[in-house]
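Each chain, letter by letter, is given below.
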Amino acid sequence: MSAEKILAVDDSASMRQMVAFTLRDAGFDVAEAADGQEALEMAQREPYRLVLCDVNMPRMDGISLVRELRQIPSYKFTPLLMLTTESGPEKKQEGKAAGATGWLVKPFNPEQLVATVQRVLG
Amino acid sequence: MASIDLKRFHRAFFEESFEGLDIMEAGLLRLDPAQPDAETLNGIFRAAHSIKGGAGTFGFSGITDYTHVLEALLDEMRAGRRALNASDIDLLLRATDALRQLLVAARDEQPVDAALTEAVHAELTGCLHGEKAGAAAAPVAAKADAAEGWRMVFAPHAGLFMSGNDPLRILRELATLGDAKIDAVDAALPAFDALDPEQCCLSWKIDLRGAVSRDAIVDLFAWVEDECDLTIEALAAASVPASSVTPVAALPAAAPSKAATRPGADATSIRVSTSKIDAMIDLVGELVITQAMLQQQASHIDPAVAEALLQGLAQLDRHTRLLQEAVMSTRMLPVDAVFSRFPRVVHDLAGRLGKQVRLQTIGESTELDKSVIEKIADPLTHLVRNSLDHGIESEDARRAAGKDPAGTLTLRAAHQGGHIVIEVADDGAGLDRRRILAKAAERGLSCDASMTDSEVWQLIFAPGFSTAAQVTDVSGRGVGMDVVKRNIESLGGRVEIGSQTGRGTCVTIRLPLTLAIVDGMSVAVGNDVFILPLPAIIESLQPSADQVKRVAGQGQVARVRDEYVPLVALHDWFSLPARPRPVHEAILVIVEAEGHKLALQVDALVGQQQVVIKSLETHYKRVPGVSGATILGDGRVALIADVGEIVRLATRAAAA
Amino acid sequence: MEAASVHATPADTAEFLTFTLGGEEYGVDILKVQEIRGYDTVTRMPGAPDFMKGVINLRGTIVPVIDLRLKFGLGDANYDAFTVMVILNIGKRIVGMVVDSVSDVIELDPEEMRPAPEFGSSIDTRFITGLGTRDDRMLILLDIEKLLGSADIGLINAVVAQAA
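Chains as they are written, first to last, in our numbering: chain P, 25 to 146; chain U, 19 to 674; chain V, 99 to 262.
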């Protein structure tokens, strides 16, 4: 069984490294992007089973990324999770309206991250 | 699952956090409170937000709490819910400083100066709640519910799948919380031929028994709460079987893979020590020489026999040159690397001096060698301080003089030939000729009232000179303009000063772009080859005999167009044994330095090339008229002529 | 050499690279010698005395070369296939020294070394640490730091000053 491919998008290198490292450690195949634009280009080139993205990023923010990804036929049902520190309802609402599957509130620890990803991917 | 040691990510976290702080600081200083630029505010917010997120994730809760207030405040500004004023920016700058201290302390595992950060924190909190209370709500502790179980009706909207959600996943998770009895309701299911597989038409009735809090259930449905109809009711206590449940927190994770992949490196930049780069530059230099030697050997080979070899050599030549250029460019940095420190310096100093100063920077992207950048930071800081302290007047004085009460300090960088020119200009009162002369006389410097302005301005570069009526804590630090001048000159640069009473002062620094390479013209003099720096060369020509004249007592001059230019034969200058050719068989290279032209007589022009400057002084000593040496394609050493010095000495001799 | 090291106490013996200049044999502390290479094209330095042959490219570093035969006025300073440069590393300075030929590395016991007499060599005794004898050969032991630091060469003043 080949590992499931996940795209991790965050402008913070340390967060991205942490997410990627943790998920790789849990047996996933993780690609990394530093902003929404880069992520969108990567997602257009090949399919990912799940996308984890930060909300606040330069060039293209996470909400726009989710909106763009949902326009791509092969990403119609793909779980798109937002990593957000903003537990306020507006950001989540905005994300949901754009088509996000759900969110993960920072700070989260590696165990929570793996558990969530595994739940979503079944 | 083995827990992952988060420490491995700390270095990256600190590095990017410090970068984030720089962004915040630069952004805050750029921000015009009256018309805040949305993208700048966003950038500042994003940086604070990332630091907070990282701090939380990597276990620096003190920093998270602190940054939270800062972030909340920035968020309100960003969203336009809060008007910005200059004191807010001051507060945010101080908050940035305090955050830096917190990060430094965390990085170095040192205790924090709590008094300072707490004071700023309190101020931030006050600012945040002063106008809008309750923005930072503490997370609500989960309520302990006493119910024995829950009955739910979960009816997803038809479009639930479109957000990537899956009811089955939620049901599966529910089942992990307790003893779940799930019934599907298919009443809404259409006839098979009308069925749209992308729509969700089922709903579910669930009875969940066990000591499960209502919040835990709400959490499970959190992602879909707007995409379904959900009712949750408590089940009657009597119907709960006593033995059934132990809640499971999370599914066990898959076995961690043995070969842990390295965390991806930051794609945008890496830090490399300059000694590595210098070693690389040396090696590439050697490669260029080896390559040239091969090329020379190959010139004897019959092309018909070794076509592939020669093609390969031609390619090697191209790639070697590209590699050399690429390696050289790694040392070049935009001057912004040093300019970027000044907004803060100016902001703080102006505040301390009670003056209003606008800082204008022009040409920040102009590139120059890192080693030069490092060495100009101090002299520039000194000049900026001087301008603020002595140049720009107080608000009242400016108003009285009919000037804009806010002074302007301009930092400008531009390439000019092979040099970078940096100007530090202010629109202040200008230099005071009388005071400088008086001071110089007092210091015993040779001066008199008949000196021209520019000669008077030069006096301030004399050691120990200072005209400040009172020594302030800004400029009176013992470092004088003489040190500035010396530092710049040690880099092969020059300092000039211009000033107009009431209009301002402008200090101009001219520096070589790099201390490592120069575009050179190789010229032959007898059997020797010298390099003349290309930027100093105006033109070269083959003179006719009548173009060169001997002037009594002044040596030779060459008529170049309508100008007479002193002529120096490099043979004589460098006392070479070879006899110079008659001048009409030679080449004249017209060079210019410090406003003076000079015709250098050589035997032939060999070619143009970029050369790596090697120091003669490492193992030998300084040689007059020689700025360094380089290694030619054949491995021989050629000397680089110090055109500035030759011109200076030659024109001085001619003028005397 | 093997044999020599058996009966010598390491603290008192010293190893020397021996070479010839004119007709005489000289020795220089082996620890100061970085390498030996054939004579190469040298780039002349303007204004330098004749014994300062110029500079060479030693793997990317510019290194001065002096010709001791010219400095001491010993025999003809001709340059042929046997002419050799001894590259010396003194403190932080690297200097090339042209000699007629390099002979040997020898180890001298204290009793094989004697202080330099007032005369008997073409070289100023200030630059000589002593005379070595081995079998019937006489070896002039050069104080290379003092020599290179002397006023007219002036290459290692700073280094000597640092070391002092």
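Since the hints were made in silico from the structure, they are not lab data.
Everything numeric in this text was worked out from a predicted model, so none of it was measured.
Take these hints with a grain of salt, some might be off.
Stated by the list, open to error - Examples of chain U residues lying across from chain P (beta carbon under 8 Å, computed): (1) K25; (2) F27; (3) A30; (4) E34; (5) H67; (6) G74; (7) G177; (8) S181; (9) N183; (10) L189; (11) E191; (12) A193; (13) C246; (14) K294; (15) R430; (16) H433.
Stated by the list, open to error - Calculated cross-link-like contacts (lysine-lysine; reagent style BS3-like; alpha-carbon spacing at most 30 Å): (17) K639/U / K615/U; (18) K190/V / K639/U; (19) K567/U / K615/U; (20) K388/U / K244/V; (21) K223/U / K100/P.
Each residue gets a CB set at the ideal place from its N, CA and C atoms; glycine is no exception.
Hints and how they fare:
Checking K25/U against chain P by beta carbon gives a least distance of about 11 Å; that is not within 8 Å, so the hint is violated. The interface hint given for F27/U holds, since its Cβ lies 5 Å from the closest Cβ of chain P, which is under the 8 Å cut-off. A least Cβ separation of about 4 Å between A30/U and chain P falls short of the 8 Å threshold, and the interface hint therefore holds. Interface hint status for E34/U: upheld, as the beta-carbon distance to the closest one in chain P is roughly 5 Å, under 8 Å.
The beta carbon of H67/U comes within 5 Å of a beta carbon in chain P, closer than 8 Å, and the hint placing it at the interface holds. The beta carbon of G74/U comes within 3 Å of a beta carbon in chain P, closer than 8 Å, and the hint placing it at the interface holds. For G177/U, the shortest C-beta to C-beta distance to chain P is roughly 10 Å, which exceeds 8 Å, and the interface hint is violated. The closest approach between the C-beta of S181/U and any C-beta of chain P is roughly 5 Å, which is under the 8 Å cut-off, so the hint is satisfied.
Given the 8 Å rule on beta carbons, the hint for N183/U holds: about 5 Å separates it from the nearest Cβ of chain P. Checking L189/U against chain P: minimum C-beta separation of about 11 Å lies over 8 Å; hint violated. Here the hint on E191/U is kept, as its CB sits about 6 Å from the closest CB of chain P, short of 8 Å. Evaluation of the A193/U hint against chain P yields a violated restraint, the C-beta minimum of about 12 Å exceeding 8 Å.
Restraint check, C246/U versus chain P: the minimum CB separation of about 12 Å is more than 8 Å; hint violated. Among the interface hints, the one on K294/U is violated; its C-beta lies about 22 Å from the nearest C-beta in chain P, farther than the 8 Å criterion. The interface hint given for R430/U is violated, since its Cβ lies 28 Å from the closest Cβ of chain P, which is over the 8 Å cut-off. Checking H433/U against chain P: minimum C-beta separation of about 29 Å lies over 8 Å; hint violated.
At roughly 28 Å between alpha-carbon atoms, K639/U and K615/U fall within 30 Å of each other, so this suggested pair holds. Taking the CA atoms of K190/V and K639/U, the gap is about 13 Å. The hint holds against a cut of 30 Å. Proposed proximity of K567/U and K615/U is supported: the alpha carbons are some 16 Å apart, at most 30 Å. Between K388/U and K244/V, the direct Cα distance comes to roughly 38 Å. Violation of the 30 Å bound is thereby established for this hinted pair.
As the CA atoms of K223/U and K100/P are separated by approximately 27 Å, the hinted pair is consistent with the 30 Å bound.
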